[in-house]
Structure formats: C-alpha cells, structure tokens
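Number of protein chains: 2
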Amino acid sequence: MTRIVRTVAELREQVRAWKDAGERVGLIPTMGALHDGHLSLVRLAQTKVARTVASVFVNPKQFAPHEDFDAYPRGEARDAELLDSVGCDLLFAPGPAEMYPQGFSTTINLTGVSEPLEGAARPQFFGGVATVVTKLLIQAQPDIAVFGEKDYQQLQVIRRVTRDLDLPVEIVGAPTARAQDGLALSSRNAYLSPEERAAAVALPNAMKAAIAAVQAGERVETAEAAGKAALAAAGFRQVDYFDFRDADDLSRLGPDALHGAKARLLAAAWLGKTRLIDNMDA
Amino acid sequence: MTRIVRTVAELREQVRAWKDAGERVGLIPTMGALHDGHLSLVRLAQTKVARTVASVFVNPKQFAPHEDFDAYPRGEARDAELLDSVGCDLLFAPGPAEMYPQGFSTTINLTGVSEPLEGAARPQFFGGVATVVTKLLIQAQPDIAVFGEKDYQQLQVIRRVTRDLDLPVEIVGAPTARAQDGLALSSRNAYLSPEERAAAVALPNAMKAAIAAVQAGERVETAEAAGKAALAAAGFRQVDYFDFRDADDLSRLGPDALHGAKARLLAAAWLGKTRLIDNMDA
Numbered sequence: 001m002t003r004i005v006r007t008v009a010e011l012r013e014q015v016r017a018w019k020d021a022g023e024r025v026g027l028i029p030t031m032g033a034l035h036d037g038h039l040s041l042v043r044l045a046q047t048k049v050a051r052t053v054a055s056v057f058v059n060p061k062q063f064a065p066h067e068d069f070d071a072y073p074r075g076e077a078r079d080a081e082l083l084d085s086v087g088c089d090l091l092f093a094p095g096p097a098e099m100y101p102q103g104f105s106t107t108i109n110l111t112g113v114s115e116p117l118e119g120a121a122r123p124q125f126f127g128g129v130a131t132v133v134t135k136l137l138i139q140a141q142p143d144i145a146v147f148g149e150k151d152y153q154q155l156q157v158i159r160r161v162t163r164d165l166d167l168p169v170e171i172v173g174a175p176t177a178r179a180q181d182g183l184a185l186s187s188r189n190a191y192l193s194p195e196e197r198a199a200a201v202a203l204p205n206a207m208k209a210a211i212a213a214v215q216a217g218e219r220v221e222t223a224e225a226a227g228k229a230a231l232a233a234a235g236f237r238q239v240d241y242f243d244f245r246d247a248d249d250l251s252r253l254g255p256d257a258l259h260g261a262k263a264r265l266l267a268a269a270w271l272g273k274t275r276l277i278d279n280m281d282a
Numbered sequence: 001m002t003r004i005v006r007t008v009a010e011l012r013e014q015v016r017a018w019k020d021a022g023e024r025v026g027l028i029p030t031m032g033a034l035h036d037g038h039l040s041l042v043r044l045a046q047t048k049v050a051r052t053v054a055s056v057f058v059n060p061k062q063f064a065p066h067e068d069f070d071a072y073p074r075g076e077a078r079d080a081e082l083l084d085s086v087g088c089d090l091l092f093a094p095g096p097a098e099m100y101p102q103g104f105s106t107t108i109n110l111t112g113v114s115e116p117l118e119g120a121a122r123p124q125f126f127g128g129v130a131t132v133v134t135k136l137l138i139q140a141q142p143d144i145a146v147f148g149e150k151d152y153q154q155l156q157v158i159r160r161v162t163r164d165l166d167l168p169v170e171i172v173g174a175p176t177a178r179a180q181d182g183l184a185l186s187s188r189n190a191y192l193s194p195e196e197r198a199a200a201v202a203l204p205n206a207m208k209a210a211i212a213a214v215q216a217g218e219r220v221e222t223a224e225a226a227g228k229a230a231l232a233a234a235g236f237r238q239v240d241y242f243d244f245r246d247a248d249d250l251s252r253l254g255p256d257a258l259h260g261a262k263a264r265l266l267a268a269a270w271l272g273k274t275r276l277i278d279n280m281d282a
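For the protein sequence lines, the chains are A and B, in the order given.
When you number the first sequence by the working numbering, it's gap-free, plus one each residue, and the end is 282.
When you number the second sequence by the working numbering, it's gap-free, plus one each residue, and the end is 282.
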C-alpha cells in the first residue's frame with residue numbers, strides 16, 4: 001500500500017533514505033480528488049525516477065473567499081487507493097497547520113507570466129500557487145516535479161519561480177489527459193450536470209476549430225471571436241478568455257499571425273456554476 | 001587565500017564536496033564593505049561549523065530609487081583580504097546577472113514583523129531582503145546562516161521567512177560589534193564626517209539611558225520621548241523611530257511597562273545625510 005505521511009519531518013526522512021540509496025525522487029503536487037489525469041503524471045514520473053511522492057493539499061491560499069474552497073471535492077481514502085493502483089510510493093497529506101502554522105506571514109508573488117488570463121480573473125491565485133508549490137519543493141526536495149499542462153499558466157508560473165529562486169529541481173510538464181470526447185479531465189468536472197457535461201465538449205471543439213482556422217490563414221482576432229461565439233451558442237454563460245498567446249510568457253500575439261514558432265490557445269469559460277479551463281498547442 | 005567563486009554552480013559544487021566529506025557549512029551573507037562586525041559573524045560561524053562561506057552582493061532590490069545603491073561602498077579586494085585574515089573558506093561574489101537573470105519576476109513578501117520600523121520607512125526593503133536571502137540560502141544550502149543583530153528586524157524577518165518556507169537551515173543571530181565608544185559598527189559609518197562621527201555616539205548613549213530609565217520604573221513613552229530629545233540635542237536632524245518593541249514580532253508595547261520577559265529598543269536616526277540604526281536588548 002502507498003504509505004501516507006502527514007509531517008514534513010517524515011516526508012524528508014523518507015526522501016533522504018531513498019536518495020542515500022541512490023534513488024531519484026519525483027514529486028507530483030495535487031489538490032486530491034484524483035482522476036486519470038493525475039495518475040498519468042505519476043506514470044510519467046515513474047519513467048524518469050525510481051520513487052514517486054504525490055502530495056494532496058487543498059491549498060486555501062489559492063482560493064478567494066467567494067470561490068469553491070469548501071466545496072472542492074475531497075476524499076483521501078479513494079485518492080490513496082488510486083495512487084496505490086499505479087504504484088506511487090508515498091502520499092504526503094499535510095493538514096493546514098503543518099503547511100501554514102500560526103504566525104505564517106510569507107507570500108511569493110510574481111509579475112509577468114502570472115498577470116494575464118487566470119491572474120486577471122483570480123488576483124490572489126498565483127501568489128497562493130507559487131507559495132505552496134515553493135514550500136512543497138523545499139519540503140520534499142525532489143529531483144523532478146511533474147505538473148499537468150492542463151493548468152498551463154500555472155506550469156509556466158512554476159517554471160519561472162523555480163528558476164528565479166534557484167530551486168534545484170527539474171520541472172516536467174505532462175500532456176493533458178482527456179475524456180473520449182475530448183474534454184480535459186478536471187476535478188471540477190464533477191460539478192457538471194449530465195446536460196452540462198454533454199455541452200462541455202464544445203470547449204475543446206471550439207479550440208480545435210480556432211487553431212485549424214488560424215493555421216489555414218484566418219486572422220487571430222477573427223478566430224478568437226468565432227470561438228467565443230461557438231461557446232455562447234453551446235450554452236456557456238460567460239467566456240473569461242479565449243486567447244492565442246506566446247507559449248512561454250503568455251504575452252499577447254499580434255492580430256494577424258502566430259508570431260514565431262511557439263503559440264498556445266488558452267480558454268476559460270463558465271457552464272452554469274462551473275468554470276472550465278483548457279489550452280492547446282497552437 | 002580565500003577562494004572566490006561567482007556562479008551558483010561553482011558554489012554548490014564546493015558546498016556539496018564539503019558536505020560529502022562530512023563537514024558542516026555556514027553561510028554569512030553580506031553586502032561587502034566588510035568591517036570587524038562582519039568578521040565577528042565569520043568567527044561565530046567557525047565555532048559551529050567546519051567550513052564558512054561569505055557572500056558579497058549589493059542587492060539592488062532592497063534599495064529604493066532615491067537611496068544609496070550607487071554610493072554604497074564597494075571594494076572586493078579588501079573584502080577578500082579581510083575574509084582571508086579570519087580563515088573564511090569561500091567568498092561567493094555573484095554579479096547582478098547571476099542573481100537576477102533576464103526575466104526575473106519573483107518577490108517574497110512578508111506581513112507582520114516586516115511592516116513597522118524599517119518596513120514603514122523603507123517600503124520595498126524587506127521584500128528585497130527576503131528575496132535575496134531566500135535565494136542565497138537555496139543557492140548555498142548551508143547548515144547554518146549567521147546574521148548580525150545590528151539589523152535586528154532583518155534578523156527577525158529572515159527567521160520568519162526561513163520557518164515559513166521550511167528552509168532546512170539554522171538561523172544564528174550574532175551580537176552587534178561596537179566601536180570603543182559604543183557606536184555600532186556599520187558600513188554606512190564611512191559616510192560620516194569626523195564631526196558627525198563624534199556626535200554619533202549619542203545614539204547608543206541615548207538608548208542605554210532609555211533602557212536604564214525604564215528598568216528603574218520610568219514609563220516607556222516618557223523614556224522614548226527623552227531619547228528622541230537627546231538625539232535632537234546632539235545634532236541628529238530626524239529620528240525615524242526610537243521604540244521599545246516586543247523582541248519577537250516587533251509589535252508595540254503597552255505604555256507603562258515592558259510586557260513579558262522579552263523587549264527590544266530599536267532606533268533609526270539621521271545625522272546629516274547618513275541614516276544610522278541600532279537596537280539593544282531591553
């Protein structure tokens with residue numbers, strides 16, 4: 001069975017023992033409510049290192065007061081079973097007092113890549129993400145850490161803060177796992193009604209259509225507008241963004257062309273009370 | 001001779017070699033312009049660990065645009081000689097591009113202990129300090145790091161951020177080194193004219209008098225006012241603060257008594273163009 005530890009001291013002791021035995025260690029930070037997407041991160045880590053540690057911590061600092069911190073799905077027993085089923089070696093599941101003891105006063109803030117898109121829609125989000133991920137990387141001291149491309153801007157923020165703070169870890173991005181119809185797997189998909197779940201496929205479909213249109217010579221602005229219209233027609237009540245962006249720093253592209261070689265289409269939209277995000281190589 | 005390295009890679013290689021040989025390592029972060037106060041930090045580290053690393057980096061992020069970044073005294077050859085004279089093993093002297101490469105976007109901010117006193121007088125100061133010290137601790141990965149009590153609030157900020165980010169290092173505070181007349185040693189004392197240097201002793205004298213008065217039963221507020229008056233009489237043109245504070249979190253004390261067991265008197269005042277700070281156990 002996957003071993004569960006709840007303190008930084010136990011985590012470090014286990015990682016130290018593995019490293020002393022010459023085994024490289026991979027960390028997979030999660031907020032639990034695990035699905036096949038998370039398990040694919042563990043499997044990817046297992047191709048690169050001998051030992052894998054998944055962390056489960058629903059981080060209060062990355063939720064605003066009006067967001068779904070209390071409602072966010074939790075279920076440690078099932079998470080542990082799923083991790084066991086793929087041979088994950090350790091589950092680090094700290095409580096809030098282990099992560100943020102009384103008197104905790106520190107926040108890690110970024111400018112640049114953290115500011116548009118999710119940063120504009122959720123102002124405290126990336127400060128919370130950068131703070132907890134930095135802590136997890138310092139706590140576990142892994143050789144690699146794996147994050148899903150599903151949260152693409154988060155991945156770029158983590159790459160940036162890891163470089164900026166000289167954290168001695170390799171950040172690995174893993175391809176988004178998708179349902180058969182193409183919807184990106186997400187813990188928040190559990191919020192969707194059956195009707196909403198059926199409509200949700202419009203998100204990846206609109207994105208694929210926009211990328212195909214731009215690659216066929218359509219103007220970026222026109223393709224973005226058509227994508228937003230397709231989402232509205234499919235029943236999405238609000239589109240926060242549907243933007244072609246520079247794949248590294250997420251800055252805006254010019255109106256007429258994908259500049260250079262690397263672009264990414266990123267989208268966030270609301271279906272009822274559920275906010276879905278997705279992104280694709282463009 | 002004390003070896004000088006300029007890259008994180010060389011620093012880590014040397015520290016790793018020492019640790020692999022079973023030798024514990026101490027880091028002494030400085031901004032150069034070394035004096036006996038800094039050397040006393042190296043000597044204190046040498047009583048605790050086998051190997052000492054001093055860093056010299058004048059950190060632009062902790063100076064505001066109107067402050068003395070350009071004028072701050074620099075002299076690497078003399079710094080290296082002084083470190084050699086006390087047997088310091090390594091000098092880490094990175095350039096700005098090694099510490100803050102193009103695209104650097106991260107700042108570590110604290111609330112609480114960073115907010116009053118120096119934090120009020122210099123709003124970006126502790127964000128800059130916390131960011132560079134965190135980087136140095138992650139870069140060097142020392143067993144201990146030694147900071148002077150001369151910068152007492154900085155020491156408390158560093159203790160806080162080290163705990164908050166789970167950095168695996170022991171923070172050691174070292175007593176303030178003083179000239180024979182009692183003035184705290186500081187690189188900024190070099191800015192003082194001979195007349196100002198003679199007047200500067202009023203700062204530690206006023207502090208000792210205030211502490212003696214309070215210990216004899218004087219009200220804190222009255223002792224603080226008398227101290228400020230003494231500094232004005234001695235030629236200080238402005239007193240930023242002259243405050244008895246809780247020694248741990250630097251919160252305000254009640255007006256009548258030093259609450260609990262641990263209090264600290266902290267002061268900052270201007271003599272001509274030079275800002276002097278000092279603090280004492282109260």
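Do not rely on the hints blindly, as some may be mistaken.
No copy is singled out in the list; a pair is fine if it fits within one copy or between any two copies.
[Claimed, not checked] Straight-line alpha carbon distances no greater than 25 Å define the calculated SDA-like cross-link-like pairs of lysine to any residue that follow: (1) Lys48 / Ala234; (2) Lys262 / Ser105; (3) Lys208 / Lys228; (4) Lys208 / Arg237; (5) Lys262 / Ala212; (6) Lys262 / Phe104; (7) Lys61 / Ile138; (8) Lys273 / Asp70; (9) Lys61 / Arg163; (10) Lys262 / Gly103; (11) Lys262 / Gln102; (12) Lys262 / Ala226; (13) Lys273 / Leu183; (14) Lys48 / Ala190; (15) Lys48 / Met1; (16) Lys19 / Gln141; (17) Lys262 / Asp151; (18) Lys228 / Gln102; (19) Lys48 / Asn189; (20) Lys19 / Arg163.
Everything labelled a hint here was simulated from the structure, so no lab data went into it.
Verification of the hints:
For the identical chains of this complex, lysine 48 and alanine 234 are neighbours neither inside a copy (41 Å) nor across copies (68 Å), given an alpha-carbon limit of 25 Å. Taking the shortest Cα distances, lysine 262 and serine 105 sit within 25 Å of each other only across copies (21 Å), while inside one copy they are farther apart (38 Å). For the homomeric pair lysine 208 and lysine 228, the shortest alpha-carbon distance inside one copy (13 Å) is at most 25 Å, but the shortest distance between copies (70 Å) is not. Proximity of lysine 208 to arginine 237 under the C-alpha cut-off of 25 Å is restricted to the intra-copy arrangement: shortest distance 20 Å within a copy versus 68 Å between copies.
In this homomeric assembly, lysine 262 and alanine 212 come within 25 Å of each other (Cα to Cα) only inside a single copy, at 15 Å, whereas the closest approach across copies is 68 Å. When the C-alpha separation of lysine 262 and phenylalanine 104 is checked against a cutoff of 25 Å, the pair qualifies only between copies, where the shortest distance is 21 Å, while the shortest distance within a copy is 39 Å. In this assembly of identical chains, lysine 61 and isoleucine 138 lie within 25 Å of each other by CA distance both inside one copy and across copies; the values are 18 Å within and 23 Å between. In this assembly of identical chains, the alpha carbons of lysine 273 and aspartate 70 lie at most 25 Å apart only when taken from the same copy (15 Å versus 54 Å across copies).
When the C-alpha separation of lysine 61 and arginine 163 is checked against a cutoff of 25 Å, the pair qualifies both within a copy, at 22 Å, and between copies, at 17 Å. In this homomeric assembly, lysine 262 and glycine 103 come within 25 Å of each other (Cα to Cα) only across copies, at 18 Å, whereas the closest approach inside a single copy is 43 Å. For the homomeric pair lysine 262 and glutamine 102, the shortest alpha-carbon distance between copies (20 Å) is at most 25 Å, but the shortest distance inside one copy (44 Å) is not. In the homo-oligomer, the alpha carbons of lysine 262 and alanine 226 lie at most 25 Å apart inside one protomer (22 Å), although the nearest pairing across protomers, at 66 Å, exceeds that limit.
Within a single copy, lysine 273 and leucine 183 get their C-alpha atoms as close as 17 Å, which meets the 25 Å cut-off; across copies the closest is 64 Å, which misses it. Proximity of lysine 48 to alanine 190 under the C-alpha cut-off of 25 Å is found in neither arrangement, the shortest distances being 31 Å within a copy and 55 Å between copies. When the C-alpha separation of lysine 48 and methionine 1 is checked against a cutoff of 25 Å, the pair qualifies only within one copy, where the shortest distance is 21 Å, while the shortest distance between copies is 42 Å. Taking the shortest Cα distances, lysine 19 and glutamine 141 sit within 25 Å of each other both inside one copy (10 Å) and across copies (16 Å).
For the homomeric pair lysine 262 and aspartate 151, the shortest alpha-carbon distance inside one copy (17 Å) is at most 25 Å, but the shortest distance between copies (47 Å) is not. Proximity of lysine 228 and glutamine 102 under a CA criterion of 25 Å is satisfied in neither setting, with 45 Å inside one chain copy and 35 Å between copies. Taking the closest pair of Cα atoms, lysine 48 and asparagine 189 never come within 25 Å of each other, the shortest separation being 29 Å inside a single copy and 55 Å across copies. Within a single copy, lysine 19 and arginine 163 get their C-alpha atoms as close as 23 Å, and across copies as close as 24 Å, so both meet the 25 Å cut-off.
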